[in-house]
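In the order they appear, the protein sequences are chains A and B.
Residue numbers 1 to 200, in the working numbering, belong to the letters of the first sequence in order.
Residue numbers 1001 to 1200, in the working numbering, belong to the letters of the second sequence in order.
The hints are simulated quantities; they were obtained by calculation from the structure and are not laboratory data.
Some hints here could point you the wrong way.
Claimed, not checked - List of simulated lysine-lysine pairs, DSS-like, C-alpha gap at most 30 Å:
hint	chain 1	residue 1	chain 2	residue 2
1	B	1011	B	1061
2	B	1011	B	1054
3	A	61	B	1054
4	A	11	A	54
5	A	166	B	1054
6	A	61	A	11
7	A	141	A	166
8	B	1061	A	11
Said to hold, decoys possible - Computed beta-carbon distance windows for the label pairs:
hint	chain 1	residue 1	chain 2	residue 2	range
9	B	1177	A	182	30 to 40 Å
10	A	11	B	1064	43 to 53 Å
11	A	168	B	1166	15 to 25 Å
A quick note: this is a predicted structure, and the numbers were derived from the prediction, not measured.
We put the beta carbon where it would ideally sit given N, CA and C, even for glycine.
Protein chains: 2
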Amino acid sequence: MLEQLTERQRKVYLFIRDLIHNRGYGPTVREIGEEFEIASPNGVMCHLRALERKGLIRRSKREARAIELLGDTGPESLEGLPLAGRVAAGVMHEAIEQDKRIDFTSLFQRPGCFVLEISGDSMIEAQIADGDFAVVDPNRKAVSGDIVVAQTDEGNATMKYWFPEKDHVRLQPANSTMEPMYVRDVQALGVVVGVVRRMS
Amino acid sequence: MLEQLTERQRKVYLFIRDLIHNRGYGPTVREIGEEFEIASPNGVMCHLRALERKGLIRRSKREARAIELLGDTGPESLEGLPLAGRVAAGVMHEAIEQDKRIDFTSLFQRPGCFVLEISGDSMIEAQIADGDFAVVDPNRKAVSGDIVVAQTDEGNATMKYWFPEKDHVRLQPANSTMEPMYVRDVQALGVVVGVVRRMS
DNA sequence: TATACTTAAGAACAGATGTGCGTCGTCGTG
DNA sequence: CACGACGACGCACATCTGTTCTTAAGTATA
Chain A
1 MLEQLTERQR KVYLFIRDLI HNRGYGPTVR EIGEEFEIAS PNGVMCHLRA
51 LERKGLIRRS KREARAIELL GDTGPESLEG LPLAGRVAAG VMHEAIEQDK
101 RIDFTSLFQR PGCFVLEISG DSMIEAQIAD GDFAVVDPNR KAVSGDIVVA
151 QTDEGNATMK YWFPEKDHVR LQPANSTMEP MYVRDVQALG VVVGVVRRMS
Chain B
1001 MLEQLTERQR KVYLFIRDLI HNRGYGPTVR EIGEEFEIAS PNGVMCHLRA
1051 LERKGLIRRS KREARAIELL GDTGPESLEG LPLAGRVAAG VMHEAIEQDK
1101 RIDFTSLFQR PGCFVLEISG DSMIEAQIAD GDFAVVDPNR KAVSGDIVVA
1151 QTDEGNATMK YWFPEKDHVR LQPANSTMEP MYVRDVQALG VVVGVVRRMS
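Turn these sequences into a full structure, and let the hints guide you.
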C-alpha cells in the first residue's frame, strides 16, 4: 500500500503514525511543517491531500489534529492465545506452537458489534447456555434459520431462531420444551455471530 | 484507579478514551461539552483539570485535542466489545452503554493458557460443539466434575468430565450416547475455562 | 453550621489552526 | 519544447480552540 507513495509522502505518513501511536494524538499542519522544515502550511496541506487521496488517512474538515489513520492495525503485538491444535480426535502436540495464535476480540471486532449476556435456557439445544455471552452483529441481515436478537413492538428483546413465514415471523426457541412465537411486528436487532462462555 | 473519580469525571474520561481509540484522535473541549450537554467550555475545563490532577490524562497547554491518556497500556487494554445487557429476560436498553465493555482476549489471558479446537460431539450436552474453541488453563488443578483435557499414556488427548474414583479416573463424556472411560495412567493437561464459538 | 469540592453558565480574548489563492522551481515524459 | 506531477513559499482569512474571570447552585464533609 505504501508503494504508490513518494518518498516524501511516506515519511510524512510515518511521522503522523508514530506520533499518534507514541504521543497519543496527531500533529497539526504546522507541526508537520516544523518537522520537515516546510515553512508554509500549504506545503503540508499538499501532502495531506495526497495521503488522503491515496487512502492512507482520513481527515475531518476544519478540525485541528483530526487525522485518522486508515488500514492501520496498530503497533504489532503478540495478542491472543496460542492455538494448540485439535483435541478429542488426535494426538496432542508435545509443544504448543507459539506461532499460531487466536485473538478472540479481533475475531469478533466488526463495526457495531456488541455483546449480550444470555439469560435463560431457551437456546440450550443450540449450545447457548444461561450466562453465556453472545456477540451480535446489527449490520447483518437476518436470513431464515439465523439465530437473532429480535425485538417486538412491546420493546421486549429475545434470542431465537429466525424463520420468516408468509405475513409473520416464527421465532423458534432451541428448546423442545418451549413453543415457538409467531409475531408480526418484529425486527431483528442483529444476528448472533459468536458465543463466548466463561467457566471457572 | 478510576475509583477516586466522580461519576461525571469517569464518564468524561471514558468518552475521551473511547474517542481516541475508536476514532483515532481525541475531542476538543467543546466536543466534550456537546456530548455531555455542558454549554460552557469552562464546565469541561473543570473536568479536564480534575482528570489531569488525578493523573489519568496529560495535556499540552494551548494545543487543540492534545489529550494524552496515561496509565493506559495501549490499544490492547481498550479493545473489546460494548456490553449491552442481558437478553431473553428483560427489555433491551435503547442505547448501548459504551462504557461497559468486555474483552474476550483479556478475559482468558492467564499465563500458560492455550486454545484447542473441538472436534466431535462428545461434549455436546455441556454445550460444547464441534468446531468450538476451548480455552485451557494448564496451571489449574482439576477437581471432580471439571471439564478437562486429559492425556493417557498412549499420548491421546481428549476432552471429558473429570471424576477421580478410587484407583482410577472416570472420564465422562457429555453425551448420553457415549460410554465413560476408566483409566489409570492419565493426567489432566488442563482445565477448560472457556468456550468460544464463531458462527457464520 | 461552615467549609470545601464539584459542576456549570456566560462572556470575552489571544492565539492556534485549517484552508484557499497565486506564484515559483524542479524533474521526468512525450 | 511543452506539459503535468511534485514540492514548497507567502499571505490572508475565518474559525476553532484553549483559557481565564466571575458568578452560583448543589453536595458532601467536618
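Distance restraint evaluation - residue 1177 of chain B, residue 182 of chain A, Cβ atoms, bounds 30 to 40 Å: 34 Å, holds
Distance restraint between residue 141 of chain A and residue 166 of chain A, which requires alpha-carbon spacing of 30 Å or less: 18 Å, holds
30 Å limit on alpha-carbon distance, applied to hinted pair residue 61 of chain A and residue 1054 of chain B: 33 Å, violated
CB-CB spacing for residue 1166 of chain B and residue 168 of chain A relative to the 15 to 25 Å hint: 58 Å, violated
Residue 1011 of chain B paired with residue 1054 of chain B [C-alpha distance capped at 30 Å]: Distance ~14 Å between residue 1011 of chain B and residue 1054 of chain B Cα, so the pair holds.
Satisfaction of hint between residue 1054 of chain B and residue 166 of chain A, Cα-Cα up to 30 Å: 60 Å, violated
Hint consistency between residue 1061 of chain B and residue 11 of chain A [alpha-carbon to alpha-carbon, up to 30 Å]: Holds, at about 27 Å.
Residue 1064 of chain B and residue 11 of chain A - C-beta distance against the hinted 43 to 53 Å: Distance hint for residue 11 of chain A, residue 1064 of chain B is violated at roughly 24 Å.
Straight-line alpha-carbon gap residue 1011 of chain B to residue 1061 of chain B, limit 30 Å: 23 Å, holds
Pairwise hint evaluation, residue 54 of chain A against residue 11 of chain A, where the allowed Cα distance is 30 Å at most: Between residue 11 of chain A and residue 54 of chain A the Cα gap is close to 14 Å, so the pair holds against 30 Å.
Distance restraint between residue 61 of chain A and residue 11 of chain A, which requires alpha-carbon spacing of 30 Å or less: 23 Å, holds
Of the numbered hints stated above, those contradicted by the structure are hints 3, 5, 10, 11, listed in ascending order.
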